[in-house]
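Engineer: This is what each chain is made of:
Protein chains: 2
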Amino acid sequence: MGYTIENVTVITWDDELKITKNATVKTDGSKISYVGSKADDINESITDIRIDGTGKVLIPGFVNAHTHIPMTLLRSYADDLNLQTWLFDHIFKIEDKLNDDDVYWGTQLGMLEMIAGGTTCFCDMYYFVDKIANATSESGMRALLSRGLTNDSDIDDYSDDYRIKEAIDTFTQWNGADNNRIRVSFAPHAIYTCAPNYIRAIRDTAQKLGAYIHVHIDETMKEHNDSLSQYGMTPVQHLNSIGLFDLPTIAAHCVHVTDEDMDIMKEKNVSFVHNPGSNLKLGSGIAPVPKALQKGLNVALGTDGASSNNNLNMWEEMNLAALIHKGVTMDPLAVKAEEAFKMATVNGARALGFNTVGQIKQGFNADMVLIDISKPHYFPEHNLVSNLSYSAQASDVETVFVDGKILYDKGEYKTLDKEKIYYNIKRVYKRLFLT
Amino acid sequence: MGYTIENVTVITWDDELKITKNATVKTDGSKISYVGSKADDINESITDIRIDGTGKVLIPGFVNAHTHIPMTLLRSYADDLNLQTWLFDHIFKIEDKLNDDDVYWGTQLGMLEMIAGGTTCFCDMYYFVDKIANATSESGMRALLSRGLTNDSDIDDYSDDYRIKEAIDTFTQWNGADNNRIRVSFAPHAIYTCAPNYIRAIRDTAQKLGAYIHVHIDETMKEHNDSLSQYGMTPVQHLNSIGLFDLPTIAAHCVHVTDEDMDIMKEKNVSFVHNPGSNLKLGSGIAPVPKALQKGLNVALGTDGASSNNNLNMWEEMNLAALIHKGVTMDPLAVKAEEAFKMATVNGARALGFNTVGQIKQGFNADMVLIDISKPHYFPEHNLVSNLSYSAQASDVETVFVDGKILYDKGEYKTLDKEKIYYNIKRVYKRLFLT
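Protein chains in written order, with our numbering: chain A, 610 to 1044; chain B, 610 to 1044.
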């Protein structure tokens, strides 16, 4: 069974961005089986469902390349505070109370928001990952999940580390599940929470299993300066010296990375995940994205957790990525709309190693979003990509496909039960915050 | 006739922000006649209409304190270009072709977008202002309108200047119209487009008529440096030396104003209109808003024209205002959510001289917006103001009141004809861009 979307405008790219009007896009099972303008070429099955794409745009689903989904539970909690107060007096205290049931429902809440906003894939780091994987499987979303690993005891042997054991169990159980919709990576949290030997142990484990690495790098000036004092190296250089980048690595934040750091990242093919909303809100600074693009790094986009954003809206991140660097560098060409759009889609898929995701292309997974461009902020139509990057809103999303399956259509969730999730979020909220 | 909104959460402030749950808000004609928690106190008329506000939030309508509404026609036109190329090779060329019919429909398109996003009032500078006033009157929105005045010929007598004459005519015809919903100000465009004596002539004219001043100040580093070379003063000092600030003044942009400039603005009670989206997009820089707030200036928010934003979405400006200064100063307390919210509402109303607008308060004009907070990005409800500033979307707007009249309700426009506007925008677009 598949879908045939007719008369639709398709945005995609190989090397360059391409807009095809009046196109037909066909799916067959989980894949895109046709993209083109000749409807006659299509092998249509009697069970196929036709969708009229007139006045609509089909884009690849967004890839949120760095987040902590269950932290939706902490959205707008303890806001506008100093980072240390926020983290130590508020966030960590509540996180200590979280159980697997909280994480399950927090994840589902995050998915309601992501799906409705056209995000089809995400890269997560948290704990109780089995519950996150359960929720992901049920929702139909695509994800690269990881157990955040922290241990700053500098010992020789981490073979008893319960966190690494958990991460291995999760990998064994979930990696490749649901037609490879769910994969599992290994996540040394950051250099300030992991001893060098611990990072080495994680790298060795991930290498044996053939897993990706997901890590926070150089988020704050404090992390950067502490690394220089402690190791005589920047965080990137320190992690490189441990050999972490010999594995495919997703580096979140990269706010204070140097020119030389970016050269290392380029050489080692490390993906640079920009989290503009979170970096601004926490006062972390502004990542050197224009330079990273010049150097040819793969720059992806993420929301970070909702506790420091405060939403999971990739349209806003795309908008911020296209805007803030122009202002800070006073160069109106710093990051173009088209580049921001690529960061939010194909670059994210590449970072996560979903190699047939992020484009509307024959043979690729049918992770696609149909956008309603009939609202006033799409008129007149001078430049569709500019309209999408600078003017669009998450609520313009009409239909969301992942792996050829519809997850959301005209405000209705097809896999998640919104009322049940709200009910449970209120219950969890009472337990965590009112008792 | 009036409306009685029951069981609603109201956000307003006198000096401090105040959230009242389960409130009743009543309107009588154009005014708010009751805000409180005791429904019994209300004098209800038999013709009153009841609205159930359960699960909704009532906020003051947004005041877009600096824009050029008809420039919706140039949304996403010639994007991501160098400022000089953009302005001289593209924008000015098209603006030369614009006629009054284009401006009328461009204005209506802008109003569709503003109203649906909860903006109830705006401060405009453009030309063919009669047409903008016509459209404003029909739409039911509140506005302070002005004819952008430019003349860099340094002569002694401007009494024949056709632009000033037009501005006076517009003032005479429209100032105070529609129950004072429409007022008219005088707008010397900027110091780089107006000779000092021309600004003096405008000031004298405005003074006689008792009008406000609306002016671009210190938008770019070039303007700042040119002013220093040409006048030996910053743009603020130059305008102050001409006596412009003896009149109530709305200063748009203020990106490069100095500490001393802000002291002058404070002393002269000049309102500082922050346009973060436009300043970022054009690479103009980042205005010193935290310092302006510390100095006690009245800081309001604007979108600027859609050609440099690219939308008229005050939620995005509020979000940017709350975020970017934290990132740039690396201080997570730089501009709090609550401050951004005030900028977008009550500070804007003060800037424009609408002194009974911008608060949900007895005796104030009923310019109010009902927000649907049932969407996932409002859960859980830790902090409503944070949710509204950081997480909300324009599409959460459900009902929009101006002067006690409903302009928009659940996706339906009550005063504007969307299909007719789209038809005419397409017609105008063809004439301007395809012929």
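Since the hints were derived computationally from the structure, they do not count as laboratory data.
Just to be clear, a hint being listed does not mean it is correct.
Copies of the same chain look alike in the list, so a pair counts if it works inside one copy or between any two.
Stated by the list, open to error - In silico SDA-like links for lysine to any residue, alpha-carbon gap of 25 Å or less:
{"no.": "1", "residue 1": "1027", "residue 2": "993"}
{"no.": "2", "residue 1": "1019", "residue 2": "994"}
{"no.": "3", "residue 1": "877", "residue 2": "643"}
{"no.": "4", "residue 1": "630", "residue 2": "1041"}
{"no.": "5", "residue 1": "1039", "residue 2": "631"}
{"no.": "6", "residue 1": "702", "residue 2": "945"}
{"no.": "7", "residue 1": "1039", "residue 2": "806"}
{"no.": "8", "residue 1": "1039", "residue 2": "813"}
{"no.": "9", "residue 1": "1027", "residue 2": "1004"}
Please read these numbers as outputs of a predicted model, since none were measured by experiment.
Engineer: Are the hints correct? Go through all of them and say.
Structural biologist: Quick rundown of the hints versus the structure:
| no. | hint | verdict |
| --- | --- | --- |
| 1 | 1027 to 993 | between (32 Å within a copy, 21 Å between copies) |
| 2 | 1019 to 994 | within (22 Å within a copy, 28 Å between copies) |
| 3 | 877 to 643 | neither (35 Å within a copy, 65 Å between copies) |
| 4 | 630 to 1041 | between (50 Å within a copy, 22 Å between copies) |
| 5 | 1039 to 631 | between (51 Å within a copy, 20 Å between copies) |
| 6 | 702 to 945 | between (41 Å within a copy, 23 Å between copies) |
| 7 | 1039 to 806 | neither (40 Å within a copy, 66 Å between copies) |
| 8 | 1039 to 813 | neither (42 Å within a copy, 63 Å between copies) |
| 9 | 1027 to 1004 | both (16 Å within a copy, 19 Å between copies) |
In summary, the numbered hints that this structure violates are 3, 7, 8.
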